[in-house]
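Remember, our numbering sits 257 above the position in the sequence shown when you count from 1.
Because the hints were derived from the structure by calculation, they are not lab data. Fair warning: there could be bad hints in the mix.
Said to hold, decoys possible - Heads up, simulated EDC-like pairs for lysine to aspartate or glutamate below, C-alpha to C-alpha not over 20 angstroms straight-line:
#	residue 1	residue 2
1	K343	D301
2	K340	E387
3	K273	D301
4	K273	E297
Quantities reported herein were computed from a predicted structural model and do not represent experimental measurements.
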Amino acid sequence: PDGREVYLQTAKEYFKRFDMSTTAFVITGHEGIATEEAIELLADLSPGGVGFQAGERIRDGEHFGVGFKQQEADWPLHFTPEKISKELEGWIDRRGPGKFLYFRCILVTPSQLVEGVRLLRERRPELKFEVLDPLAYFDLLKRVRG
């Protein structure tokens, strides 16, 4: 049976309890492309934005979501602060200034991310970049892209 209604009821309770408005990362099936039904469901839950691991950029307007084609995906950061630092540096250098990079950070602790960013700033102080939480990322992206 379709579990949509049960999922929505449960998810809405958690979104309300934790004052959530975004879904930062969704692993989609269907070869990385979210179905219209999934987009609609997540749009109802997450008016602040939805991040998918792959697929086409989705829906502008009332609900803002973002996804990436496979070749544009920003791959997961590696597991040590040194590797994180080098990975970030490479992406920033390749993409250039003023770009929004969306990283999937799995099996990485917050302290490893903080240390990786610190190492990069220390090594390359001329690089101008900010690391954002999902709420700030989606809000800023929505403002910049209209």
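Hints, verified against the model:
| no. | hint | result |
| --- | --- | --- |
| 1 | K343 <-> D301 | violated (38 angstroms) |
| 2 | K340 <-> E387 | holds (18 angstroms) |
| 3 | K273 <-> D301 | holds (13 angstroms) |
| 4 | K273 <-> E297 | holds (18 angstroms) |
Hint compliance for this structure: hint 1 alone is broken.
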